[in-house]
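Undergrad: Chains X and P supply the protein sequences, listed in that same order.
Going by the numbering used here, the residue at position 15 of the first sequence is 15; the numbering climbs one at a time, nothing skipped.
Going by the numbering used here, the residue at position 131 of the second sequence is 131; the numbering climbs one at a time, nothing skipped.
Don't read these hints as lab results, they were simulated from the structure.
Please note that the accuracy of each hint is not assured.
Quick look at which bits of chain P chain X covers, simulated, 3 or more residues with Cβ under 8 Å [stated by the list, open to error]: (1) 89 to 99; (2) 110 to 122; (3) 226 to 235.
Note that the coordinates shown come from a computational prediction; the quantities given were computed from them, not determined experimentally.
Each residue gets a CB set at the ideal place from its N, CA and C atoms; glycine is no exception.
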Amino acid sequence: MSQEVILRVEELTKLYGARVGCRNVSFELCGAEVLAVVGESGSGKSTLLNCLSGQLPPSGGSLSYRGANGHWRDVLALSEPERRLLSRTEWAFVHQDPRDGLRMTVSAGGNVGERMMAVGARHYGTIRSTAADWLRQVEIPQDRLDDRPTAFSGGMRQRLQIARALATNPRLVFMDEPTGGLDVSVQARLLDLIRTLVNQFELSVILVTHDLAVARLLAHRMMVMKDGHVVESGLTDQVLDDPQHPYSQLLVSSILQT
Amino acid sequence: MSMDQGPRNDRPPLIEVEGLGKTFTLYNQNDAVIPVMQNASLRVAAGEAVALTGESGAGKSSLMRMLYGNYRAQTGSIRIRHREHWGDVASAEPHAILDLRRETLGYVSQFLRVIPRVSTLDVVSEPLVRLGVEPTAAQEKARELLTRLRIPQTLWPLSPLTFSGGEQQRVNIARGFAHRFPCLLLDEPTASLDKLNRETVLDMIEEAKADGVAVIGIFHDAEARRRVCDREIDVSSFAVGRTAA
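Starting from the given sequences, assemble the full structure and let the hints guide the process.
TA: Given below as structure tokens:
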């Protein structure tokens with residue numbers, strides 16, 4: 001992890017009418033840092049992730065990102081095309097349901113290639129060989145390159161989604177329950193893969209999960225959310241082993257083992 | 001071995017704990033307040049090993065966890081010599097604690113926590129890889145340690161989660177000794193080992209001391225404690241209600 005801050009979030013708030021999605025969330029994220037956001041359903045963690053990744057306009061607050069070129073940008077002031085370009089190049093999003101991040105009617109190789117073409121790759125041979133490389137990175141057999149994701153298992157689809165997300169070499173990846181809904185054995189493989197890729201490419205990750213064991217294994221730091229507010233944040237193992245806030249204590253004691 | 005509080009003064013101190021206090025407040029159990037310790041102070045010099053002693057429940061493991069930043073201290077400071085300056089675990093930001101843990105402060109706990117699919121060789125070499133050591137060199141070091149700790153080579157490609165308690169503990173020790181941490185915390189490192197492996201681990205601790213490592217350990221095994229530790233600190237002297245020693 002570098003000590004260099006790449007994302008600065010101040011007082012970020014999202015209201016749905018009178019209802020609070022998330023309120024006054026502030027934090028900084030460093031280069032190559034993995035931050036887990038945990039909390040129960042309805043705690044606001046997905047709302048927060050969607051606001052941070054530009055998929056939902058916040059009601060208030062500020063969000064700045066330091067690009068690969070070293071310049072700070074006010075993310076909320078970006079035009080729609082600028083925001084879309086950012087989320088195709090330096091940012092990426094991994095959805096819980098791979099169907100939200102993949103094109104199910106396009107081949108596995110095409111899914112990865114399409115993301116590369118969106119940032120200007122044109123040479124067919126290069127695209128195809130790079131796509132094949134990415135499938136290898138996520139342990140999808142080469143002979144599945146031309147198959148559609150509809151023919152893939154849940155775990156393989158999720159690995160394909162990760163390959164597609166990483167194909168443009170993003171620096172910041174948003175992940176929404178990336179191991180949710182998978183069998184435990186498939187989860188373990190995916191966790192190992194995500195951790196390897198995060199280290200190898202020095203990715204900064206904001207990971208939303210309700211699974212505290214996933215947070216423990218992947219995240220450097222974690223934030224606990226309840227009713228739209230961050231109630232506690234700190235070093236992952238410290239928050240899990242010595243939670244200070246009543247709700248964090250309840251959350252940690254409610255699970256059998258992390 | 002003596003009971004005095006000060007480190008040998010011919011070596012520079014690497015760990016300085018001052019006025020450390022800890023209380024657990026359990027909000028979901030009728031707001032129970034459990035005082036753990038107050039005014040805990042200790043210093044450990046380079047090349048010195050200090051044993052934490054005291055009854056079960058006196059707070060030995062809690063103190064160890066505070067030193068590693070795993071438990072939060074309410075008062076006091078935990079200064080660790082880190083590169084050319086001092087870091088305070090009790091007040092440092094998470095990234096600074098991670099930085100300390102990566103390079104300076106090692107911890108061999110009683111539990112092995114790893115991702116299920118990762119091989120033993122990778123588990124042991126990981127601390128070196130994280131420091132930027134070439135993976136082949138890191139694996140070479142891991143092989144050397146696993147061999148020394150008598151983990152059969154046939155087990156190296158497997159996840160240690162399927163191993164016996166004693167094997168897991170040796171994998172944990174190999175991982176803790178892969179990088180030469182200047183400060184090392186050992187929680188019952190010989191607890192479930194046979195005689196031969198126990199001797200090996202004690203040898204490894206002595207070698208670390210000879211290299212100038214500052215060691216704090218919990219050893220129920222009195223003989224092991226006498227062999228490797230220069231001093232004992234009775235954690236029950238930090239119990240709440242007592243005046244600090």
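Undergrad: Take the segment 110 to 122 of chain P, compare each residue's beta carbon with every beta carbon of chain X, and decide whether three or more fall closer than 8 Å.
TA: That given contact holds, which follows from 5 residues of the segment 110 to 122 of chain P lying within Cβ reach (below 8 Å) of chain X.
Undergrad: Using C-beta distances, would you say chain X covers the segment 89 to 99 of chain P, given that this needs three or more residues below 8 Å?
TA: holds (count 5)
Undergrad: Tell me if chain X covers the segment 226 to 235 of chain P under the three-residue, 8 Å CB rule, please?
TA: violated (count 0)
The structure fails hint 3 only (numbered hints given earlier).
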